[in-house]
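Kindly produce the complete structure, drawing on both the sequences and the hints.
91 is the number of the first residue of the sequence shown in this note's numbering; add one for each residue after it.
It cannot be assumed that every hint is accurate.
[Said to hold, decoys possible] Derived DEER-like restraints, expressed as beta-carbon distance ranges:
| hint | residue 1 | residue 2 | range |
| --- | --- | --- | --- |
| 1 | 235 | 271 | 23 to 29 angstroms |
| 2 | 185 | 139 | 19 to 25 angstroms |
| 3 | 283 | 239 | 27 to 33 angstroms |
| 4 | 275 | 169 | 15 to 21 angstroms |
| 5 | 192 | 122 | 28 to 34 angstroms |
| 6 | 169 | 287 | 45 to 51 angstroms |
| 7 | 171 | 275 | 45 to 51 angstroms |
| 8 | 171 | 298 | 41 to 47 angstroms |
| 9 | 296 | 227 | 36 to 42 angstroms |
Quick caveat, the hints were computed from the structure, so don't treat them as lab data.
As the structure is a prediction and not an experimental result, all values here were calculated from the model.
By construction, the Cβ of each residue, glycine as well, lies at the ideal position given by its N, Cα and C atoms.
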Amino acid sequence: MSRRGIAGVVGFAVAAVGAFVVVDRVGGSERFADLPGGADVRLVGRFTPQQVQRLAALPEVEALECDDTLYDVGIATGRLNLSQVTVLTATKSAGLQRAALVQGRAVQSDAELLAVDGRGLRLGERVTLTRGGRGVAGTVVGVAARPSGQPDAVALLPGGAMARLGGVDGCGEVVVQLKRRSQATAFQRSARGVLNGAPGVTYDESLRGHV
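This is the structure:
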């Protein structure tokens with residue numbers, strides 16, 4: 091093989107390795123999953139209320155809310171006593187809801203909650219929830235279909251009640267609905283600026299090819 095041919099092969103190999111490194115560094119931490127509702131992006135970390143507000147104000151964002159999951163929750167009513175159940179955040183934005191409302195109405199305050207259809211709680215019932223020595227109380231104002239991704243959940247609580255029950259200020263997971271899917275990468279860069287770091291990121295499957 092001529093020197094020119096050898097140089098061409100070496101150059102191609104170097105370019106290929108370089109391309110692999112770029113793909114690995116840029117895309118290696120990206121995950122794709124079937125996110126619930128109309129969520130485009132899920133961020134995982136530890137987010138203060140101020141950070142959540144700043145993230146929601148980013149120009150790429152249509153809607154953004156905390157969306158935590160709490161396990162090992164105790165639930166008690168006058169007729170029911172459940173232990174080690176799963177509770178989710180009741181998001182307010184229509185595009186971020188995990189489950190459709192099938193009876194009653196949406197929550198309007200931290201003293202209200204949604205029951206999951208067929209899991210034991212009843213509309214109008216007064217409920218006490220406990221976890222790790224902490225407790226919150228609320229009234230069931232609506233019944234939701236079984237949430238996608240968490241069909242065994244028993245109830246959905248507003249963000250403030252979830253924070254008190256979890257013993258945190260803020261939340262550990264945030265879901266995002268983008269104004270345009272093509273803005274996913276721009277949103278991730280903007281989010282890093284707000285958070286001074288890179289949170290864990292999961293994109294909805296529909297965004298493959300857009301990021």
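Structure-based check of all given hints:
1. A C-beta distance of roughly 26 angstroms is found between residue 235 and residue 271, which places it inside the suggested range of 23 to 29 angstroms.
2. Checking the proposed 19 to 25 angstroms range against residue 185 and residue 139 shows it holds: the Cβ atoms sit about 21 angstroms from each other.
3. A hinted range of 27 to 33 angstroms for the beta carbons of residue 283 and residue 239 is consistent with their spacing of about 29 angstroms.
4. In this structure, residue 275 and residue 169 break the distance hint of 15 to 21 angstroms, their C-beta atoms being roughly 51 angstroms apart.
5. Taken as a hint, the range 28 to 34 angstroms holds for the pair residue 192 and residue 122, whose Cβ atoms sit roughly 30 angstroms apart.
6. As the Cβ distance of residue 169 to residue 287 is approximately 47 angstroms, the hint placing it in 45 to 51 angstroms holds.
7. For residue 171 paired with residue 275, a C-beta distance near 48 angstroms keeps the hint of 45 to 51 angstroms intact.
8. In this structure the hint that residue 171 and residue 298 lie 41 to 47 angstroms apart at CB holds, the actual value being about 45 angstroms.
9. About 39 angstroms separates the C-beta atoms of residue 296 and residue 227, a value consistent with the hinted range of 36 to 42 angstroms.
Against the hints set out earlier in the document, a violation occurs for number 4 only.
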